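J.: The primary structure of each chain is shown beneath.
There are 2 protein chains.
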Amino acid sequence: MQVYKAPLRDMRFVLHELHGSAELTALEGQGELSADLIDDVLEQAANFTETVLLPLNASGDLEGCHYENGVVRTPQGFRQAYDAFREAGWNAAASDPAYGGQGLPASVYKLVEEMICSSNLSFGLYPGLTHGAYLALRSHGSQELKDAWLPKMVEGRWSGTMCLTEPHCGTDLGLLRTRAIPQGDGSYSITGSKIFISAGEHDLTENIVHLVLARLPDAPKGIKGISLFLVPKFLQDADGNPGPRNGVSCSGIEHKMGIKASATCQINFDAAKGWLIGEPHKGMRAMFTMMNSERVSVGTQGLGVAEAAYQAAVAYARERLQGRSLAGAKYPDRPADPIIVHPDVRRMLMTARAYTEGCRALCGWVARALDEHELSPDQQIRTAAEDRVALMTPIVKALFTDLGFEVANLAVQTYGGHGYIREHGVEQYVRDARIAQIYEGTNGVQALDLVGRKMSSNFGRPLRSFFHPVLAFIDANLEDEALADFIGPLAKSFGTLQQATAHIAANGLRDPEEAGAAATDYLRLFGLVALGYMWARMAKIAVGKRETAGADAAFYEAKLVTARFYMERLLPQTGALWSAIRSGKASTMALGEDRF
Amino acid sequence: MQVYKAPLRDMRFVLHELHGSAELTALEGQGELSADLIDDVLEQAANFTETVLLPLNASGDLEGCHYENGVVRTPQGFRQAYDAFREAGWNAAASDPAYGGQGLPASVYKLVEEMICSSNLSFGLYPGLTHGAYLALRSHGSQELKDAWLPKMVEGRWSGTMCLTEPHCGTDLGLLRTRAIPQGDGSYSITGSKIFISAGEHDLTENIVHLVLARLPDAPKGIKGISLFLVPKFLQDADGNPGPRNGVSCSGIEHKMGIKASATCQINFDAAKGWLIGEPHKGMRAMFTMMNSERVSVGTQGLGVAEAAYQAAVAYARERLQGRSLAGAKYPDRPADPIIVHPDVRRMLMTARAYTEGCRALCGWVARALDEHELSPDQQIRTAAEDRVALMTPIVKALFTDLGFEVANLAVQTYGGHGYIREHGVEQYVRDARIAQIYEGTNGVQALDLVGRKMSSNFGRPLRSFFHPVLAFIDANLEDEALADFIGPLAKSFGTLQQATAHIAANGLRDPEEAGAAATDYLRLFGLVALGYMWARMAKIAVGKRETAGADAAFYEAKLVTARFYMERLLPQTGALWSAIRSGKASTMALGEDRF
Chain A
1 MQVYKAPLRD MRFVLHELHG SAELTALEGQ GELSADLIDD VLEQAANFTE
51 TVLLPLNASG DLEGCHYENG VVRTPQGFRQ AYDAFREAGW NAAASDPAYG
101 GQGLPASVYK LVEEMICSSN LSFGLYPGLT HGAYLALRSH GSQELKDAWL
151 PKMVEGRWSG TMCLTEPHCG TDLGLLRTRA IPQGDGSYSI TGSKIFISAG
201 EHDLTENIVH LVLARLPDAP KGIKGISLFL VPKFLQDADG NPGPRNGVSC
251 SGIEHKMGIK ASATCQINFD AAKGWLIGEP HKGMRAMFTM MNSERVSVGT
301 QGLGVAEAAY QAAVAYARER LQGRSLAGAK YPDRPADPII VHPDVRRMLM
351 TARAYTEGCR ALCGWVARAL DEHELSPDQQ IRTAAEDRVA LMTPIVKALF
401 TDLGFEVANL AVQTYGGHGY IREHGVEQYV RDARIAQIYE GTNGVQALDL
451 VGRKMSSNFG RPLRSFFHPV LAFIDANLED EALADFIGPL AKSFGTLQQA
501 TAHIAANGLR DPEEAGAAAT DYLRLFGLVA LGYMWARMAK IAVGKRETAG
551 ADAAFYEAKL VTARFYMERL LPQTGALWSA IRSGKASTMA LGEDRF
Chain B
1 MQVYKAPLRD MRFVLHELHG SAELTALEGQ GELSADLIDD VLEQAANFTE
51 TVLLPLNASG DLEGCHYENG VVRTPQGFRQ AYDAFREAGW NAAASDPAYG
101 GQGLPASVYK LVEEMICSSN LSFGLYPGLT HGAYLALRSH GSQELKDAWL
151 PKMVEGRWSG TMCLTEPHCG TDLGLLRTRA IPQGDGSYSI TGSKIFISAG
201 EHDLTENIVH LVLARLPDAP KGIKGISLFL VPKFLQDADG NPGPRNGVSC
251 SGIEHKMGIK ASATCQINFD AAKGWLIGEP HKGMRAMFTM MNSERVSVGT
301 QGLGVAEAAY QAAVAYARER LQGRSLAGAK YPDRPADPII VHPDVRRMLM
351 TARAYTEGCR ALCGWVARAL DEHELSPDQQ IRTAAEDRVA LMTPIVKALF
401 TDLGFEVANL AVQTYGGHGY IREHGVEQYV RDARIAQIYE GTNGVQALDL
451 VGRKMSSNFG RPLRSFFHPV LAFIDANLED EALADFIGPL AKSFGTLQQA
501 TAHIAANGLR DPEEAGAAAT DYLRLFGLVA LGYMWARMAK IAVGKRETAG
551 ADAAFYEAKL VTARFYMERL LPQTGALWSA IRSGKASTMA LGEDRF
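Chains A and B, in that order, give the protein sequences. For reference, each letter of the first sequence is one residue, going 1 to 596 in the UniProt record's numbering. For reference, each letter of the second sequence is one residue, going 1 to 596 in the UniProt record's numbering.
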């Protein structure tokens, strides 16, 4: 049996105390957002995910999706759960009120997303992909297209996909072959085959709106000749309801390691009718609107699975009796002590906890930037926020999913043999979490995005959106003795990050392969320092509040213990990463291709 | 399609060049062992594993084992493969000639085991468990029991198991409840339930010989009241053939994350007839004979999967075309370059390679000690070898399986989305490798064995079996400029290991929880230094041979590149581990159990 209770206390801490949710009311359309309203949303989401989505997580994994003659059926209960999800308004929660959305800011909705991912990652992909498609269409589509398609997508009656990958190309979309021929009436005829299309076909919605990358006849070669099209499963009839079937079919679903309740489809477009989104040959730009949002969401998937796995590990560590405490029996009346008394089990739980809470805090920081970029009335704030989102997106995506996988594995290890079998549901977390390191750009691609694009764009301006606040925080708290155990390690690792950044900037300019060879280690180094920054800030709040917090004092004490664990036990990885980076590309690149 | 070719060149290097196989002839019964004979065995094993076992690996995973009314069927083809395995003499290869074995030393047979694990981990468990049971019975059983049961086990006609775990106890066997009542005729009546019994029931052999831990009526409480019994599925008839069914039944098999073709059984003993192995209440000692051997074998499983996963990753990285080299197109005539040109892909391949070859070298070093302990005519050598085996067993088990899992995941990452689906068979490596970190004592338990038992036993004598040769090697080569890039990092990390050892010895003596909190980080630190020692020794050989090696020069050049990669990119982890160790237990232990 899987267990999960939304970590509402920690979520409120991140949102209200760490990132000051009161400031959100300064954003456009958020004037009435109050802490009470936010807490109410979080509680409703907790209730929904705990009671509706969680019970379908293991059964959905076991049953998987069914494919027959082009039709895909989701596992038992998914359809009812989706209807309930839609009726409760969750599809519309984070969308623009102009199209029927409720306009909840990302700062709040990312926490809802986390709960969805904790309770049922596979389920979350259906509305998740729709929201990504909504974003691309809203940002780049014509008003006519938006009016015709967005309201039903926001409502959740129709779902969305992103159709990028083809059998011979994923990362390198410049190779794609799907073609679009103008029909003279403003529409296009789309033909080609796509694979790995999440939610490409299913039985949850009346219609499916595919966003498809394809080439126009006059397209330049490579990545600069790709356009984005809206291609629905059913064309609309005169009343805007699903009408005739379009030339879109599903030829199969993948048998995957995990997320088995999410239909991963092969989709064929056979002279399917579609409409151009945005300008010809500028499809990648439009698709990136969707992809950037999706990348932060995929990071949230890592966080969500980590939280669920952590809770599972804690539950088992409290209940499983094996051996005695090394400090003498703690529960002499029982046949053995619960394994939570053992230092090595605690090492696993504390690691899981420190990563999970750290990622939640960092996610909140990035979500705030997403909101400010979108909704701030102040241009300067919007630009600064855009920089922070650009910089942190690959870090959130790759770091959170790597750590999510690590935490899921720590949970399995805590269970021992019982973690390896289906019964307790923890091995599912490992299998489910694994995909998040791969899709929406592998974590290696994220690292290249960080060192190759984000680091150098606008003369390093995005970097400053992280470096400046960290420096300011360190400077402001350097003299505070109560924080010395947190500021010291943060300052040291931040110095390492600065060195590594300068090293890669210099050497990467001279030889891009130097940056490439350093990329993954650098992203992890950066991410660990970012978590360190969050932990130091959280420690500062906890130090300030613990003595006056009354019944809540234990919460702040736990924050301090976990912050200390992070600084002492996890952040030192940064030194090893810097050593690896510093050694340069030579040993990575020297071996002849035929010698492997 | 899974691919695998036994790495015979590297195996010969490890056996003949690194560990000087010629010295094996000095061991009892090994006088006729020659390099030619060894190479012949390895080639036969390569052929068998590549052509018979590999083709059943993915199909066995897909089909899994079948359970119906107490009967377990292995997947299609396993029975024929097992018959062929037995007929080719592989069951008997590493066993005592006194019972029909071929007496192959561990130095050779561990390489055969590696090939079996690379090609089909699930299959390997059936003969693997039999060999473990053989070892315990041979070391501790009465001559009568040995004569009655060993020959058929050695031949592979009958298989073996180890029945330790019960639903409420795994690590803490002191809690076990299975009972053994003396029957007055030298036999015992065994009653109890065991779980997680690999090869507990199946259709590969005529009989199954269970080694069962149980309590005698007068047994002291806890771990000191456990005895070991031989309990066969079928009792022998007057001719020594399988006769009446014993009170042993299989009530189900587990649904696992991986190793699906290995039957993991719930076994009930219902007044089953059994015989005591060794002395009453000394069952743990006898079981540890089996378990220690199994632990090195489980380490070999990690190595075996790592090799297969590495080869899969290389094959895909050469064939998959995506993007262009950062140094400019390498294959301008193709639509894109193969992904092996990308530094981040090479990072994954080089990491996999450095770990895999390093583990193979270290496995050879430990296997040699296994052989010397068993077969050396010189008491002093036997004792030294026993120390090394004792010290290195938990390291081989935990480090190799952790790295095997890491490498399997690097392979999936190299494949991207194609790694997450069943088709290429690489996600199976992740699922299969995961169990090896858990069974035969979780890796956390291995770490506790290292710091709690191995470090302090005999006044630190086992530690010296590693420290002395490493020190001697460093001293002897410190001045060799050609080796500076290898000896320098080795010496530095070795110094760190010495500091960490002294730290844990001192603090662990004062407070065992200090040692417990440091254990896992210390084991990894130790293991990485041990691999560093192997890489430095391999580099020394390569430096000596590369210029005169002719066609083989490229092999030695590759060794040097990989050694350098290991020293520069992987060994620096040791610094971070030492930082974590040094911080002590406080932050790990401070949080109240109810605060998690």
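Just so you know, these hints were derived from the structure itself, not from any lab. Check each hint, because a few of them may be wrong.
To be verified - In silico DSS-like links for lysine-lysine, alpha-carbon gap of 27 angstroms or less: (1) K492/A / K146/B; (2) K273/A / K221/A; (3) K330/A / K221/B; (4) K330/A / K224/B; (5) K5/A / K492/A; (6) K540/B / K492/B; (7) K224/A / K540/B; (8) K273/A / K224/A; (9) K273/B / K330/B; (10) K330/B / K221/A; (11) K146/B / K282/B.
Unchecked claim - Examples of chain A residues toward chain B, derived with CB under 8 angstroms: (12) Y99; (13) L216; (14) H255; (15) V412; (16) A554.
It should be emphasised that the depicted structure is a prediction, and the values quoted were computed from it without experimental measurement. All residues carry an ideal CB built from backbone N, CA and C; glycine is no exception.
J.: Run every hint past the structure and note whether it holds.
T.: Results for each hint:
With a C-alpha separation of about 63 angstroms, the suggested pair K492/A and K146/B falls outside the 27 angstroms cut-off, and the hint is violated. The straight-line distance between the Cα atoms of K273/A and K221/A is roughly 23 angstroms, inside the 27 angstroms bound, and the hint therefore holds. Our distance criterion of 27 angstroms between C-alpha atoms is met by K330/A and K221/B, whose separation comes to about 19 angstroms. Proposed proximity of K330/A and K224/B is supported: the alpha carbons are some 21 angstroms apart, at most 27 angstroms.
Note on K5/A and K492/A: the hinted pairing is violated, with a Cα-Cα distance of about 36 angstroms set against a maximum of 27 angstroms. Between K540/B and K492/B the CA atoms are separated by roughly 18 angstroms; this keeps the pair inside 27 angstroms, and the hint holds. With a CA separation close to 51 angstroms, the supplied pair K224/A and K540/B exceeds the 27 angstroms bound. Annotation: proposed proximity of K273/A to K224/A holds, straight-line Cα distance about 23 angstroms (limit 27 angstroms).
Proximity of K273/B to K330/B is assessed by CA-CA distance (about 69 angstroms); at most 27 angstroms being required, the pair is judged violated. At most 27 angstroms may separate the alpha-carbon atoms for a hinted pair to count; K330/B and K221/A meet this at roughly 19 angstroms. Pair hint K146/B plus K282/B holds up; C-alpha atoms about 18 angstroms apart against a cutoff of 27 angstroms. For Y99/A, the interface hint is violated, the least distance from its beta-carbon to any beta-carbon of chain B being 31 angstroms, above 8 angstroms.
Hint on L216/A is violated. Least Cβ distance to chain B is approximately 19 angstroms, over the 8 angstroms limit. Of the supplied interface hints, the one on H255/A holds, with its beta-carbon coming within about 4 angstroms of a beta-carbon of chain B, less than 8 angstroms. A cut of 8 angstroms between beta carbons decides the hint on V412/A: the least distance to chain B is about 7 angstroms, and the hint holds. Hint on A554/A holds. Least Cβ distance to chain B is approximately 6 angstroms, under the 8 angstroms limit.
Hints 1, 5, 7, 9, 12 and 13 from the list above are not met by this structure, while the remaining hints are.
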